[in-house]
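2 protein chains.
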Amino acid sequence: MNKTRILVTNDDGIYAPGIKALWSAMSELGDVTVVAPNREQSAVGHAITISDPLRVDEINRSNGFKGFSVDGTPSDCVKIATQALLSDKPDIIVSGINHGSNTGLNIIYSGTVSAATEGTMLNIPSVAISLNSFDESDFDGAKAAAKAVVAHVLEKGLPEKTLLNVNVPAIPEDEIKGFKITQQGNAAFKDRFEKREDPRGKVYYWMTGHMIDPDTETHMDHYAVLDGYISITPIHYRLTNHEFLDELSSWNFL
Amino acid sequence: MNKTRILVTNDDGIYAPGIKALWSAMSELGDVTVVAPNREQSAVGHAITISDPLRVDEINRSNGFKGFSVDGTPSDCVKIATQALLSDKPDIIVSGINHGSNTGLNIIYSGTVSAATEGTMLNIPSVAISLNSFDESDFDGAKAAAKAVVAHVLEKGLPEKTLLNVNVPAIPEDEIKGFKITQQGNAAFKDRFEKREDPRGKVYYWMTGHMIDPDTETHMDHYAVLDGYISITPIHYRLTNHEFLDELSSWNFL
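Residue numbers (this note's numbering), protein chains in the order written: chain A, 1 to 254; chain E, 255 to 508.
Just so you know, these hints were derived from the structure itself, not from any lab.
To give an idea of the chain E side of the interface with chain A (calculated C-beta under 8 Å), a few residues:
#1 Leu359
#2 Phe447
#3 Thr487
Straight-line alpha carbon distances no greater than 20 Å define the calculated SDA-like cross-link-like pairs of lysine to any residue that follow:
#4 A:Lys156 x E:Phe498
#5 E:Lys320 x A:Val203
#6 A:Lys161 x E:Asn440
#7 A:Lys195 x E:Asp325
#8 E:Lys415 x A:Glu243
#9 E:Lys444 x A:Pro53
#10 A:Lys190 x E:Ile304
#11 A:Lys195 x E:Gln337
#12 E:Lys401 x A:Asn252
#13 A:Lys190 x E:Ser305
#14 E:Lys410 x A:Ser249
#15 E:Lys415 x A:Ile212
#16 A:Lys202 x E:Ala338
#17 A:Lys156 x E:Glu501
#18 E:Lys456 x A:Ser51
Ideal Cβ positions, reconstructed from N, Cα and C, are used throughout, including at glycine.
One chain only, chain A, in its complex shape:
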């Protein structure tokens, strides 16, 4: 029997600690190939590179971690891995472990989630996994979560056009309360622009802000993570608002 083929990518870049942790966890489940951006690509959303060529380099880090770096986005990595670099289609694509959660409305900006979405669009079961911390973190809980979720997906598959978005609380593994199946909640960044002047008197702006979470129940993704659960949300990319089709059809456009 052939070993399970696992493609690992991320949006923090191939030199991030999170992808090395994910590579290590996935290596216990199968043959891992890493194809990831050559630098941080956070908040790139579902961007792809169409006006520039893509370059690919072989990278070796310590402890046997190796992979391909791509000067593109997470979606680019999944496309070029499956369509140019790998000789066989992977059995699963796992994106992460992201520094910082990808929950609520913010998942629309997430390169981590978009890589898994890209995999799903290519009919490959895909999982995104993020840790709710921006510190140089303890990845043990997230590694265990990734292994559990990926093992289940490999066994049971996923429905068409559906991926799993996993978010792990940044607490010691033995304090995690367990898994919670959740919905995409309403947590979002409340943005603010800070106006400054450069040394030559020219104005520029920094976007800043803070997270607001109006949700108060553990079946919502961000709230579940804050409450100590590993959140698993089934995400799709069917964007039609079917409930509004009838009313919109009654608008008299002509």
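Given chain A, work out where chain E should sit, using these hints.
Here is chain E on its own, set in the frame of chain A:
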């Protein structure tokens, strides 16, 4: 009574012919402010700029067209316009007129649609409008479509978390068959990577490909456009696959 405030943006950049056509059409409906990327930002998806400052410049083009250019993405433009540049919240945001359709699975890569999504997230009714042509085009049909759709939205509003994605066929205005309310279809790019060597023998890749549309009915967005209709799709960004929640809850993760 105050005049209607219309914010116009795009992803082809402030120097694109499409945004000037949209500005001209919208000027017949209200006071228009243009805030758009300072260069082409196609296929950036829902990217935002978080690690760099944003610069804003005032731009004057011919025939009275003026606006603010931003060295960021379409989403950045909507954020900075509504939260830093404009003194009053716009009544509507209109993104386009994009060169090339944004239909089917490809809308996930669309900066044009993401700008309208960003507006919707800020609780401002928003419309994306694209023309199915990459040529220096005749925008008359698209201008008329934009005016009709925007006038209806200003009158009737849109449901929560819902925007309209409008795609116009690139045919003379009098040959357009009318409006069709559609669903996001399954049209998608079939990608291919072309492997080349640079003059120093180093490998690089170009992503190329062609559009595949498995749909055969005019209630699907891309097919409707090819059939000569202006396609209007109500799009939302609620990404939970609710149908899969029960089955996923039965997976025994612990």
